[in-house]
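There are 2 protein chains.
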Amino acid sequence: MALQRGFTIWFTGLSGAGKTTLSNIVHHRLQSEGVTNVEVLDGDVVRTHLSKGLGFTREDRDTNIRRIGWVAQLLTKNNVPNIVAAISPYRNVRNEVRKMIEHVGGPGSFIEVFADCSVDICEKRDVKGLYAKARSGEIKQFTGVNDPYEPPHNPEVRVDTSQCTPEAGADMIIDHIRSKGFVKL
Amino acid sequence: MALQRGFTIWFTGLSGAGKTTLSNIVHHRLQSEGVTNVEVLDGDVVRTHLSKGLGFTREDRDTNIRRIGWVAQLLTKNNVPNIVAAISPYRNVRNEVRKMIEHVGGPGSFIEVFADCSVDICEKRDVKGLYAKARSGEIKQFTGVNDPYEPPHNPEVRVDTSQCTPEAGADMIIDHIRSKGFVKL
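Chains F and R, in that order, give the protein sequences.
Each residue of the first sequence is one higher than the last, beginning at 1 in this note's numbering.
Each residue of the second sequence is one higher than the last, beginning at 1 in this note's numbering.
In isolation and in its complexed conformation, chain F is listed as follows (with noise of 0.2 Å):
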């Protein structure tokens, strides 16, 4: 597989819908078929490098996702193909990037993949704890619980992770950037 042009792919979603482990198997699937420059930007690393101090105001949410925008636009600006995870919970501000990354990387070259997954589902799963601490108030504006998700109208990408396997989640997102040339067999 080769790289034809630089992409973000962005994914959205609750806390524990899968993004991350989607995010990783896409990168690996990438890299182990020859584009080995991918960056991954991951919502909470991104988070201590450039938005300490924010909370989780929508307002600071937003600004959070501003900033995470603005660096996958310089990759996908320079060619180099980038990955971002994060909860990225308002519409608005997710095609606010989208037009960001299309002004620079062209039609198509903003991937939004719905990491779609019931609130139900992601707190039995509750990998991190977040969602009982966000039950017993411990975490106040937790997202699904007692902060608003706004589910994408039109993703490039929907993978139900509730029903479909993180592998077979990853072929449909490298199908699609197969599909529209990003990258090439």
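Check before you lean on any hint, since a few could be wrong.
If chains are identical, the list can't say which one is meant, so a pair holds when it fits in one copy or spans any two.
Unchecked claim - Taking lysine-lysine and the DSSO-like style, the derived pairs with C-alpha atoms no more than 30 Å apart in a straight line are:
{"no.": "1", "residue 1": "K184", "residue 2": "K77"}
{"no.": "2", "residue 1": "K52", "residue 2": "K184"}
{"no.": "3", "residue 1": "K99", "residue 2": "K184"}
{"no.": "4", "residue 1": "K52", "residue 2": "K140"}
{"no.": "5", "residue 1": "K77", "residue 2": "K52"}
{"no.": "6", "residue 1": "K140", "residue 2": "K77"}
{"no.": "7", "residue 1": "K52", "residue 2": "K99"}
Source of the hints: derived by calculation from the structure; they are not laboratory data.
Computed from a prediction, not measured in an experiment: that's the story for all the values here.
Take the given structure of chain F and dock chain R to it, following the hints.
What follows is chain R alone, placed relative to chain F:
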């Protein structure tokens, strides 16, 4: 000229010392010789994207520089040559960024350029009218007037912008990156 590997040209110096002027000339010189994918991160521009809300205390300035540095290392790591032009008054955080960039880009990939010029001369130029505002008290914490500037001890390139033309300064910088093998004739 062809790019061999990524690097960061990091300008430091007082407001009005010539950082932006030099960075623009170096950028165009590189472009015209075939290194077309150079990314310029100008301090003022980056502040609006990454550091809105931060002020000019030492802590806030350091946070701003760390964020720019983090983006610069992402680019260097992915072989995207980049130029940062920000006052970056504190030596410690500049050295922190140096380590972060050399960690991903290898020895020498952080090229510190000291735009060296006395406060007196910068103040006489006062292109943006900022020194006048600092003297009148309209701007507080202005580097060189009522906020410290720590010159680098061993910059890779020192350009005395009170003595040499911007073009001659740019020559010194291009000569450096060529002699270190980052670009090739």
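Right, here's what the structure says about each hint:
{"no.": "1", "hint": "K184 x K77", "result": "both (19 Å within a copy, 23 Å between copies)"}
{"no.": "2", "hint": "K52 x K184", "result": "neither (38 Å within a copy, 40 Å between copies)"}
{"no.": "3", "hint": "K99 x K184", "result": "within (25 Å within a copy, 36 Å between copies)"}
{"no.": "4", "hint": "K52 x K140", "result": "both (18 Å within a copy, 24 Å between copies)"}
{"no.": "5", "hint": "K77 x K52", "result": "both (26 Å within a copy, 23 Å between copies)"}
{"no.": "6", "hint": "K140 x K77", "result": "neither (37 Å within a copy, 37 Å between copies)"}
{"no.": "7", "hint": "K52 x K99", "result": "both (25 Å within a copy, 21 Å between copies)"}
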